[in-house]
Amino acid sequence: MTGLESLPFLVLYAAVVPFLVTYFVTGRLIRFLHSRKMTVIDFHKPERNLVPTPGGIALIAGLVAAESLLFLATREIGILAILLTTVIASLIGLIDDFHKLGGIAKPVLLLTAAIPILAFSTYSPHLVFPFFGSTRLTLIYPILVLIAIPVTANTINTIDVLNGAVSGFVAIASVPLVLALLLSGKEILALAAISLIMVCVAFFFFHRFPSRIFPGDSGTLGLGAIYGAIAIVGGVEIVSVIAILPAILNSFFFLTSVKGFVEHSKIKVRPTIVLGDGRLMAEKSREAPVTLVRLIALDGPLGEREIVRIIFALTAFSAFLATLLALLM
Amino acid sequence: MLRNVIQLMGILTLAFFLVILGSVLIFVVIVPLPNLPGRLGIILTGISKAVLSTLVVVGWVYLLKTVTGIYLRKKIG
Chain A
71 MTGLESLPFL VLYAAVVPFL VTYFVTGRLI RFLHSRKMTV IDFHKPERNL VPTPGGIALI
131 AGLVAAESLL FLATREIGIL AILLTTVIAS LIGLIDDFHK LGGIAKPVLL LTAAIPILAF
191 STYSPHLVFP FFGSTRLTLI YPILVLIAIP VTANTINTID VLNGAVSGFV AIASVPLVLA
251 LLLSGKEILA LAAISLIMVC VAFFFFHRFP SRIFPGDSGT LGLGAIYGAI AIVGGVEIVS
311 VIAILPAILN SFFFLTSVKG FVEHSKIKVR PTIVLGDGRL MAEKSREAPV TLVRLIALDG
371 PLGEREIVRI IFALTAFSAF LATLLALLM
Chain B
62 MLRNVIQLMG ILTLAFFLVI LGSVLIFVVI VPLPNLPGRL GIILTGISKA VLSTLVVVGW
122 VYLLKTVTGI YLRKKIG
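Just so you know, the sequences run in chain order A and B. 71 is the number of the first residue of the first sequence in this note's numbering; add one for each residue after it. 62 is the number of the first residue of the second sequence in this note's numbering; add one for each residue after it.
Same shape as in the complex, but just chain A:
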């Protein structure tokens, strides 16, 4: 016993450290990326301003710092699996940020991110349902784990559509995850989920409208992978699926309307049109892909901030449904 695994230290590792690391690294990263001219155009602004990217490096720094300290303090092997899964997915995202990967290459490469969870056997092959109890899936579950990480990583990636959307979305969707883990007595994993929230909140200060940095694929894939890894290792899969329903529906709408895995840059008709005053209008053409933003803007043009607020409202509603589910289990 060194005392470093006592509650105040654990809260420090899970909440304070990731927030401070992400906040300070992001601030410095913005200046560094600007000086190196590593910027992209913000297509949703009429003035087409340049925004530094990838900010995922700051998100990874915060997550690695928090999960490493949590692992060193608790020696919980599940935390190590979560940490490695996050690092692998973020590195794949980083490769994609500098050298665009194809529509199918990304999910295939992301299969490797699930290996730490499988290698350390940090999962329980049971799915728990409200009213129906738990069901044992000894043979199928490892296959589901392999698929789940690329699916969550890509799902979170698709919600990175507007300023602040993905960081705010993950922060809100992670709240029911914390509650479900606490209810099932997995406090250490709940702390891992709290560190995810804190990283997202710290990044949101720079990512919110008007964005001063974009997370890039390194950030979004890392956030999605850690979210999926916490859900699997903590055994709160169904709750986590419900909490990210807006992103799942966004992916579902997109994939069913474009009929397959296609890189966003290859889409001919955009789902929304940017008006001269910066508001977004839904594309009326039947050829345009269906996305959550397009559905939100169907009643008339809306400002970017308004659309992001609606995304957050829908996420809060899903988080509420997920919390209800966690309480029923």
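I should point out that these hints are in silico values taken from the structure, not numbers from a laboratory. Quick reminder that beta carbons are idealized off the backbone N, C-alpha and C, glycines included. Nothing false has been slipped in among the hints.
Simulated pairs of lysine-lysine, DSSO-like, Cα-Cα distance not exceeding 27 Å:
#1 A/354 with B/135
#2 A/354 with B/136
#3 A/338 with B/136
#4 B/126 with A/354
#5 A/170 with A/107
#6 A/115 with A/170
#7 A/338 with B/135
#8 B/126 with A/338
Partner residues aside, some chain A positions facing chain B, computed with beta carbon under 8 Å:
#9 202
#10 205
#11 207
#12 210
#13 311
#14 312
#15 315
#16 319
#17 322
#18 354
#19 368
#20 383
#21 384
What follows is a list of derived Cβ distance ranges for each label pair:
#22 B/104 with A/94: 55 to 63 Å
#23 B/64 with A/178: 40 to 48 Å
#24 B/94 with A/102: 55 to 63 Å
#25 B/123 with A/195: 23 to 31 Å
Mind docking chain B on chain A? Use the hints.
Just chain B now, kept in the frame of chain A:
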């Protein structure tokens, strides 16, 4: 705008029930089905489970796609 948000919450609620219902059908009803006797029985049971699970997923996708299609057509005209 508020009406649109409420309608989208309706789609989310439908998806919520579909996820629960679909997962229960696949993982609680179909997957634990006992195998038929013999080697051929095991193969046939496996194929049947895969087909039934696929049907549930296809039904899930069809229902949600239809609801979204109706919503889009109503809005776009």
